[in-house]
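Visitor: With chain A's structure known, arrange chain B on it following the hints.
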Amino acid sequence: MMRGRAALIVAIFGIAAAAVTVRFYFAQAGPAGNVFGGPAILTGAPAQSYPLTDLEGRTDSLAHYRGHVVLLNLWASWCAPCRSETPALDRLYRDNRAKGLVVIGVDQGESPRVAASFAAEMNLHYPILIDEEQLYGRAYESIGLPTSVIVDRDGRIVRGIDGELTLAQMRAAVGPLLGTPD
Amino acid sequence: MAVAIALVLAQDAFPAWPGFHTWQYAVALGLISVPLARGLRGAARAPAIAATLGTFIVLVAGLCSGLLGPDTQIVSRSPGTVAPLPDVGAAAFFPNAGAADIESGSSAIVLRRRDGPPVVVAPGNRRFLSATELEAVSRPAAYVDARDARGDRLTITQPTNPAFLSPVLLFPQQVTIGGTRLPADGFALPAAHRQIKAFYFSKADSEAARSRGMAGVESVLFAVDDDAGRAVPDGIGFARTGQAISLGGARLVPTIGRYPALAISAVPYPPALIVGCLLCAAALILSFTAKQPKIVS
Numbered sequence: 001m002m003r004g005r006a007a008l009i010v011a012i013f014g015i016a017a018a019a020v021t022v023r024f025y026f027a028q029a030g031p032a033g034n035v036f037g038g039p040a041i042l043t044g045a046p047a048q049s050y051p052l053t054d055l056e057g058r059t060d061s062l063a064h065y066r067g068h069v070v071l072l073n074l075w076a077s078w079c080a081p082c083r084s085e086t087p088a089l090d091r092l093y094r095d096n097r098a099k100g101l102v103v104i105g106v107d108q109g110e111s112p113r114v115a116a117s118f119a120a121e122m123n124l125h126y127p128i129l130i131d132e133e134q135l136y137g138r139a140y141e142s143i144g145l146p147t148s149v150i151v152d153r154d155g156r157i158v159r160g161i162d163g164e165l166t167l168a169q170m171r172a173a174v175g176p177l178l179g180t181p182d
Numbered sequence: 001m002a003v004a005i006a007l008v009l010a011q012d013a014f015p016a017w018p019g020f021h022t023w024q025y026a027v028a029l030g031l032i033s034v035p036l037a038r039g040l041r042g043a044a045r046a047p048a049i050a051a052t053l054g055t056f057i058v059l060v061a062g063l064c065s066g067l068l069g070p071d072t073q074i075v076s077r078s079p080g081t082v083a084p085l086p087d088v089g090a091a092a093f094f095p096n097a098g099a100a101d102i103e104s105g106s107s108a109i110v111l112r113r114r115d116g117p118p119v120v121v122a123p124g125n126r127r128f129l130s131a132t133e134l135e136a137v138s139r140p141a142a143y144v145d146a147r148d149a150r151g152d153r154l155t156i157t158q159p160t161n162p163a164f165l166s167p168v169l170l171f172p173q174q175v176t177i178g179g180t181r182l183p184a185d186g187f188a189l190p191a192a193h194r195q196i197k198a199f200y201f202s203k204a205d206s207e208a209a210r211s212r213g214m215a216g217v218e219s220v221l222f223a224v225d226d227d228a229g230r231a232v233p234d235g236i237g238f239a240r241t242g243q244a245i246s247l248g249g250a251r252l253v254p255t256i257g258r259y260p261a262l263a264i265s266a267v268p269y270p271p272a273l274i275v276g277c278l279l280c281a282a283a284l285i286l287s288f289t290a291k292q293p294k295i296v297s
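These protein sequence lines are chains A and B, in that order. End of the first sequence = 182 in this note's numbering, gap-free, step of one. End of the second sequence = 297 in this note's numbering, gap-free, step of one.
Next comes chain A alone, as it looks inside the complex (with noise of 0.2 Å):
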C-alpha cells in the first residue's frame, strides 16, 4: 500500500516536472540571432548619439537637435549616390529649417579636409559631421551608402531607409513629423 502511494507521489511530481520543464524549451523562440536587416530594423529605438566635431573643429553630436525633427544622412564623398542625392537634402533642409526640421551629413571614415571640398562643391547649408571612426555607421545599421535615418523630436528613430532618396520620399519621410501634408 505504502510503495504504491510513493510510487503514485513520484509519478504525479515527476511527470509535473517533465511538463513543465519540457515546455520550457519548446516555448523557447529559436535560434539566437546573427538577424541583420540593415537600418529599418531600428525603427522605434533610440537615437544613438556620439560627439563628433564639425566642419568648424567645433564638438557637434545628434544629441544637440533633441526637440527638432532630424534626418540623419551617412555619406562619403566617393559615393556616388550619396552626391547624387546631396542637392535634394539641401533643398528639403532650406525649405523646411523654419518648422523644426534638422538635415544632418555625416561623413563617414573621411578627413574633414575631404568633408570641406565635398561641403563646398555642393555649396551646403546644413551642418556637416566628420566621423572617421564611421561610429555612425555602425550603430545604424548602415548596409550601404548613403543611409538616411528620421529621428522624432523626442530622439526616437522612426525610420531607417537604405540607399539614395528622391526630395519627393523625403518630403514623405518627414511631412508627418512636421505636421505638414506628405
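Possibly wrong hints are sitting among the right ones.
If the Cβ cut is set under 10 Å, some of the chain A residues that face chain B in the computed set are [stated by the list, open to error]:
id: 1; residue: Gly-38
id: 2; residue: Ile-41
id: 3; residue: Cys-79
id: 4; residue: Gly-100
id: 5; residue: Asp-107
id: 6; residue: Gly-137
id: 7; residue: Tyr-140
id: 8; residue: Ser-142
id: 9; residue: Gly-144
Derived CB-CB ranges, DEER-like [unchecked claim]:
id: 10; chain 1: B; residue 1: Ala-208; chain 2: A; residue 2: Arg-58; range: 49 to 57 Å
id: 11; chain 1: B; residue 1: Val-120; chain 2: A; residue 2: Asn-123; range: 17 to 25 Å
id: 12; chain 1: A; residue 1: Pro-176; chain 2: B; residue 2: Pro-271; range: 44 to 52 Å
id: 13; chain 1: B; residue 1: Ser-287; chain 2: A; residue 2: Pro-46; range: 30 to 38 Å
id: 14; chain 1: B; residue 1: Ser-138; chain 2: A; residue 2: Ala-80; range: 38 to 46 Å
id: 15; chain 1: A; residue 1: Ala-120; chain 2: B; residue 2: Val-120; range: 40 to 48 Å
id: 16; chain 1: B; residue 1: Thr-176; chain 2: A; residue 2: Ala-172; range: 46 to 54 Å
id: 17; chain 1: A; residue 1: Pro-46; chain 2: B; residue 2: Ala-108; range: 18 to 26 Å
id: 18; chain 1: B; residue 1: Arg-114; chain 2: A; residue 2: Thr-59; range: 30 to 38 Å
Honestly, the hints are just simulated from the structure, not real lab data. Glycine residues also receive a C-beta, built at the ideal position from the N, C-alpha and C atoms.
Guide: Okay, now just chain B, sitting in the frame of chain A:
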C-alpha cells in the same frame, strides 16, 4: 543518484561540450533512471521517496536541455551593433570599440532585457540567464586606419560583413596558407579602388612563418587587389600593431588586439534543477536525522 546528478550538473560546468546534445548522452541518462525506478519499488520511507523524486526531476531537466536545448552557438558582431537573442529574451549590445579598446581587449558585451537589469558579460566571464549560459569569448581583432598618399583618411567598408561601415576586422573566416590555418577577413577602400584581404598571424603563426621582422610577434598580412580583384604591385606585406605599411597606394596601420564574441550554451532549466537538488539534499538530511533503531546487545 549521485552519478545522475553529476552527469546533469556537468552541463552547467562545461556547457559548451557538444556531447550533451547527442543521443548517447540521453541514453546514458535513461539507463541511469532504470535502477532509480527499481530502487523506488523498494522505497517505503520518506527520504528515499524524496531522493528518487529529486533525482528524477534533475534527470528530466538534463534530458530536456540535452535533447531540446540548442547547440552552443557563437554570436559575433561588429563593435557598435546589436544582436537579438530571442532564446534569452534579450538583445546583446556589442560596444563600440576604437583602436585603444581593441588593443586592451577589455570590451564587455551588455545584454539588455525588458524585464530585468542589464547583464554585463566581460571577457572570460560567465553569466547564467534562464536556461542558457553566456560567455564572452575573446577573439583576435584588428582596428584598421587607412589613408591615401596625402594622409587623408579613407572610408573602410566591409561588403561581405553586415556591419558595412566597420573599420574593425574580426577575422571570421579560416584560410589555409602554407599548411597553416589562419583567421581571415577582408575590406575595401572604395575611394582608392582597393580591395584588401587580411590574415591574422598569432605569435606562434608568425614564428612558424618566419616572416621578416615579425617572428614571434602578432601581425596582420595584408594583400591588396584593385577593384577588379587583380593583385597590385607591391601589394602584400606584414604589419604589427601600430606599424604603418604602404601597400598598393594605401597606407595601413592595424591595431591588433581582442574583441569578444558571445557563446550561448543550453543548460538545464534552473528551477527544475534547484527543486530536484533541494529534494535530494532534504532526503540526505532526513536520513541522517531519522531515529536509528536501538541495537540491543
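Visitor: With reference to the structure, classify each hint as holding or not holding.
Guide: How the hints compare with the structure:
1. The interface hint given for A/Gly-38 is met, as the beta carbon of that residue sits about 8 Å from the closest beta carbon of chain B, less than 10 Å.
2. Residue-level restraint check for A/Ile-41 holds (minimum Cβ-Cβ distance to chain B is 9 Å; threshold 10 Å).
3. Restraint check, A/Cys-79 versus chain B: the minimum CB separation of about 7 Å is within 10 Å; hint holds.
4. Taken as an interface hint, A/Gly-100 does not check out: its beta carbon lies about 28 Å from the nearest beta carbon of chain B, beyond 10 Å.
5. Against a cut-off of 10 Å between C-beta atoms, the interface hint on A/Asp-107 holds, since the closest Cβ of chain B lies about 9 Å away.
6. Satisfaction of the interface hint for A/Gly-137 is found here, the shortest Cβ-Cβ separation to chain B being roughly 3 Å, below the 10 Å cut-off.
7. Of the supplied interface hints, the one on A/Tyr-140 holds, with its beta-carbon coming within about 9 Å of a beta-carbon of chain B, less than 10 Å.
8. Restraint check, A/Ser-142 versus chain B: the minimum CB separation of about 5 Å is within 10 Å; hint holds.
9. Given hint, A/Gly-144 at the interface with chain B, holds; its Cβ is 6 Å from that chain's nearest Cβ, closer than 10 Å.
10. Our hint of 49 to 57 Å for B/Ala-208 and A/Arg-58 holds, since their Cβ atoms are close to 51 Å apart.
11. Separation of B/Val-120 from A/Asn-123 is about 47 Å and departs from the stated range, judged on CB atoms against 17 to 25 Å.
12. For the pair A/Pro-176 and B/Pro-271, the supplied restraint of 44 to 52 Å holds, since their beta-carbon distance comes to about 47 Å.
13. Our hint of 30 to 38 Å for B/Ser-287 and A/Pro-46 is violated, since their Cβ atoms are close to 57 Å apart.
14. As the Cβ distance of B/Ser-138 to A/Ala-80 is approximately 39 Å, the hint placing it in 38 to 46 Å holds.
15. For A/Ala-120 and B/Val-120, the Cβ-Cβ distance of about 45 Å falls inside the hinted range of 40 to 48 Å, so the restraint holds.
16. For the pair B/Thr-176 and A/Ala-172, the supplied restraint of 46 to 54 Å holds, since their beta-carbon distance comes to about 51 Å.
17. Checked against the given bound of 18 to 26 Å, the beta carbons of A/Pro-46 and B/Ala-108, roughly 20 Å apart, stay inside it.
18. Checked against the hint of 30 to 38 Å, the C-beta distance between B/Arg-114 and A/Thr-59 comes to roughly 34 Å, which is consistent with it.
Consistency note: the structure conflicts with the earlier hints numbered 4, 11 and 13.
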